[in-house]
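Take a look at the letters that make up each chain.
There are 2 protein chains.
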Amino acid sequence: MDILMGIGKAGLRSGNKPDLLVILLPQTCNASFLFTNNHFKSASVLYSQKVFKGKVRAMVINSGNANCGVGREGLIHAELMAKRVAEKLEIEEDEVLVFSTGVIGRPMPIDRVLDAIDSACSLLEPLDLKRASEVISTTDSFPKYDFVKKDKLEAFGFAKGAGMIHPNMGTMLAFVFTNADLREGVIEKLHRDINERTFNSISVDGCMSTNDSFGLISLGLIKEDLQKVSDAIEEVSLSLAKKIVQDGEGATRLIKVKVKNASLQLKARLIAQAIATSNLVKTAIFGKDPNWGRIVAAAGSTPFPIDQFKLRVYIGNHLLYDGKVHPKALEGAKKYMEESQEIEITLDLMEGKESWIYYASDMTYDYIKINAEYTT
Amino acid sequence: MDILMGIGKAGLRSGNKPDLLVILLPQTCNASFLFTNNHFKSASVLYSQKVFKGKVRAMVINSGNANCGVGREGLIHAELMAKRVAEKLEIEEDEVLVFSTGVIGRPMPIDRVLDAIDSACSLLEPLDLKRASEVISTTDSFPKYDFVKKDKLEAFGFAKGAGMIHPNMGTMLAFVFTNADLREGVIEKLHRDINERTFNSISVDGCMSTNDSFGLISLGLIKEDLQKVSDAIEEVSLSLAKKIVQDGEGATRLIKVKVKNASLQLKARLIAQAIATSNLVKTAIFGKDPNWGRIVAAAGSTPFPIDQFKLRVYIGNHLLYDGKVHPKALEGAKKYMEESQEIEITLDLMEGKESWIYYASDMTYDYIKINAEYTT
Chain A
1 MDILMGIGKA GLRSGNKPDL LVILLPQTCN ASFLFTNNHF KSASVLYSQK
51 VFKGKVRAMV INSGNANCGV GREGLIHAEL MAKRVAEKLE IEEDEVLVFS
101 TGVIGRPMPI DRVLDAIDSA CSLLEPLDLK RASEVISTTD SFPKYDFVKK
151 DKLEAFGFAK GAGMIHPNMG TMLAFVFTNA DLREGVIEKL HRDINERTFN
201 SISVDGCMST NDSFGLISLG LIKEDLQKVS DAIEEVSLSL AKKIVQDGEG
251 ATRLIKVKVK NASLQLKARL IAQAIATSNL VKTAIFGKDP NWGRIVAAAG
301 STPFPIDQFK LRVYIGNHLL YDGKVHPKAL EGAKKYMEES QEIEITLDLM
351 EGKESWIYYA SDMTYDYIKI NAEYTT
Chain B
1 MDILMGIGKA GLRSGNKPDL LVILLPQTCN ASFLFTNNHF KSASVLYSQK
51 VFKGKVRAMV INSGNANCGV GREGLIHAEL MAKRVAEKLE IEEDEVLVFS
101 TGVIGRPMPI DRVLDAIDSA CSLLEPLDLK RASEVISTTD SFPKYDFVKK
151 DKLEAFGFAK GAGMIHPNMG TMLAFVFTNA DLREGVIEKL HRDINERTFN
201 SISVDGCMST NDSFGLISLG LIKEDLQKVS DAIEEVSLSL AKKIVQDGEG
251 ATRLIKVKVK NASLQLKARL IAQAIATSNL VKTAIFGKDP NWGRIVAAAG
301 STPFPIDQFK LRVYIGNHLL YDGKVHPKAL EGAKKYMEES QEIEITLDLM
351 EGKESWIYYA SDMTYDYIKI NAEYTT
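In order, the protein sequences belong to chains A and B.
Using our numbering, you'd call the opening residue of the first sequence number 1 and step up by one each time.
Using our numbering, you'd call the opening residue of the second sequence number 1 and step up by one each time.
So here's chain A without its partners, still in its complex pose:
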């Protein structure tokens, strides 16, 4: 691959770590970007949303400062960052996108950031996914990247994030690339669909960030069957999404919530989401408690009716409720919860053919510690 990266240090993160990453693509690429729906958006998101017109040549990403909640100055800073990258790399300014992640409400020390861009652009090297993830990390405890190769088809990416919002931090960022050619019009739809099943089906704390961004970039090097390309991109995206959940603040377990045999896909999805974002379900998983009462209470809380005398609830393979209780199954379920790192909850609505899977982290003392004790 011919993607290059440059690394700089603007002193935005503690511990003198690199905190600025420039990514230069081999040529202008078709791409699709999805940004947070939060109305209180980072100025970097507002800037990138404004300039992006389906093509991208370079990206500049800083960690340690969200460039959010700093008033209109943030917009000027984002523009200055893009302009500097364009000048240094001699590319079009409107093909440079800007991303930020870190503390909200702290003005960006823009001079230091521009200096870091200068040094990053002056020493470009081939993209190293692991290193790229490390540079854009904030409180992540491990780098997040993956690579899929199927014959000539490649899909790969890197991400950061350990919660939809961090202690004072904003954000999940994810960038996925493929060597396959994806046309304008095609790439956006494929990107949106994959996003729904991956990054939009995970939850650490149910909170929506000000900075979330997910980019999909087509390098346009090979022609390949669209379904195969889509599958490879989804595989990488889901892998990155699951890593974010695994690294969820204070998490000890990955929870996989599957709602199946629903009459509508939206219904399956909203019920899976209600279970995956329930604090009571998440604390029960942490407590290794096969508490199916909390699962059905969460399942009943969406606008969609459910038939409590028909549905079935499983933890692992253990059937705990199917219109009547199965007290003897609790022991097996508890044992499963004690022994497994990934806890699978299945709700079978017994009414149709649609299903959805949602991933979540459990909720622990460390979630409270991380979010209550790190003060501004």
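Treat the hints as calculated values from the structure; they're not laboratory data.
Just so it is clear, the structure is predicted and the values come from calculations on it, not from any experiment.
Do not rely on the hints blindly, as some may be mistaken.
[As the list claims (entries may be wrong)] Calculated cross-link-like contacts (lysine-lysine; reagent style DSSO-like; alpha-carbon spacing at most 30 Å):
| # | chain 1 | residue 1 | chain 2 | residue 2 |
| --- | --- | --- | --- | --- |
| 1 | B | 256 | A | 369 |
| 2 | A | 369 | B | 369 |
| 3 | A | 328 | B | 17 |
| 4 | A | 228 | A | 189 |
| 5 | A | 9 | A | 189 |
| 6 | A | 310 | B | 83 |
| 7 | A | 328 | B | 9 |
| 8 | A | 310 | A | 334 |
| 9 | A | 83 | A | 53 |
| 10 | B | 9 | A | 324 |
| 11 | B | 256 | A | 83 |
| 12 | B | 335 | B | 310 |
| 13 | B | 50 | A | 310 |
| 14 | B | 369 | A | 335 |
| 15 | A | 369 | B | 258 |
| 16 | B | 256 | A | 258 |
| 17 | A | 256 | B | 369 |
| 18 | A | 55 | A | 223 |
| 19 | A | 50 | B | 324 |
[What the hints assert, rightly or not] Examples of chain B residues lying across from chain A (beta carbon under 8 Å, computed):
| # | residue |
| --- | --- |
| 20 | 206 |
| 21 | 210 |
| 22 | 292 |
| 23 | 296 |
| 24 | 306 |
| 25 | 308 |
| 26 | 324 |
| 27 | 372 |
Where a beta carbon is used, it is the ideal one built from N, C-alpha and C, also for glycine.
With chain A fixed as given, assemble chain B onto it according to the hints.
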């Protein structure tokens, strides 16, 4: 007041505590009842919803068992409870309502419950609000009741609840009475309006119970101006609602979230709710951290747009953001958070005239402890 109560023991709660309460009204009364919107409802809720036609004479309430998630048997049990009360007190069966609160998924030991009804009905005494709250409590740490008297007008009530759902428990129950005469048609609307501003504007953990019920009963003894009656009922209802939040699982603080100067009341309400239910805001309050970034991130997460360059955020009287940051105000805000039991967050949208207030508890280590360590 001529409301009578009887107390029984069915052995549903640990510690040999009374767990069954029968309330007998002096005559058949106009009333309004609101039940949980959860689709996985307690059988007691399903039964009471079915029989209630605007009139009530007696109520039977058990704690320690939610009569929920036990299949169709639960419906039969609820009916048997109502029937037994009607027989013993020689009143109409369809004017007896049934309420349950406690563990989900545990079959009701109906013989013991019916025996407890017999003894409760055989020794009636005047309603004691404090005692009534104690009998229907589950993990509540204090009884919840209040009494308002304005000249001849009286409004009073009792409640239980320390979370929308407890560890394995279902529920908030609240019963409010007035000596004023409220006609059918009038009482329902007044009840719904008050409910929106009181019990529907509190959150401990954002979880919806299977058993929540709120009853308003008019004893019809005096004629009084409707606005005065409504104010008195709202005063009692808000007092009970705030007590539930104060007793929220593991709570150390009451959070009052006020969203003001919104263009629409619904917008003010949804934004207040988003802030009040944000785990990140709630952990920040526990950590005494004036983390306004989390407040605006929550405020931006609803479907309603907000203008980030215009809005103002206050903690107490401390202005922390108004399109620009005020780092110097953080210290005062922190001091206020350290010294206050009730933390007031104000978001001024600077765009209209509508406002809403939402109450929440903070999120603490004890929330995790209560919900992770109490296993089935």
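Now the hints, each set against the structure:
no., hint, result
1, B:256 / A:369, "holds (23 Å)"
2, A:369 / B:369, "holds (13 Å)"
3, A:328 / B:17, "holds (28 Å)"
4, A:228 / A:189, "holds (15 Å)"
5, A:9 / A:189, "violated (36 Å)"
6, A:310 / B:83, "holds (27 Å)"
7, A:328 / B:9, "holds (28 Å)"
8, A:310 / A:334, "holds (24 Å)"
9, A:83 / A:53, "holds (17 Å)"
10, B:9 / A:324, "holds (26 Å)"
11, B:256 / A:83, "violated (44 Å)"
12, B:335 / B:310, "holds (26 Å)"
13, B:50 / A:310, "holds (20 Å)"
14, B:369 / A:335, "holds (20 Å)"
15, A:369 / B:258, "holds (27 Å)"
16, B:256 / A:258, "violated (36 Å)"
17, A:256 / B:369, "holds (23 Å)"
18, A:55 / A:223, "holds (19 Å)"
19, A:50 / B:324, "holds (22 Å)"
20, 206, "holds (7 Å)"
21, 210, "holds (5 Å)"
22, 292, "holds (7 Å)"
23, 296, "holds (5 Å)"
24, 306, "holds (5 Å)"
25, 308, "holds (5 Å)"
26, 324, "holds (4 Å)"
27, 372, "holds (3 Å)"
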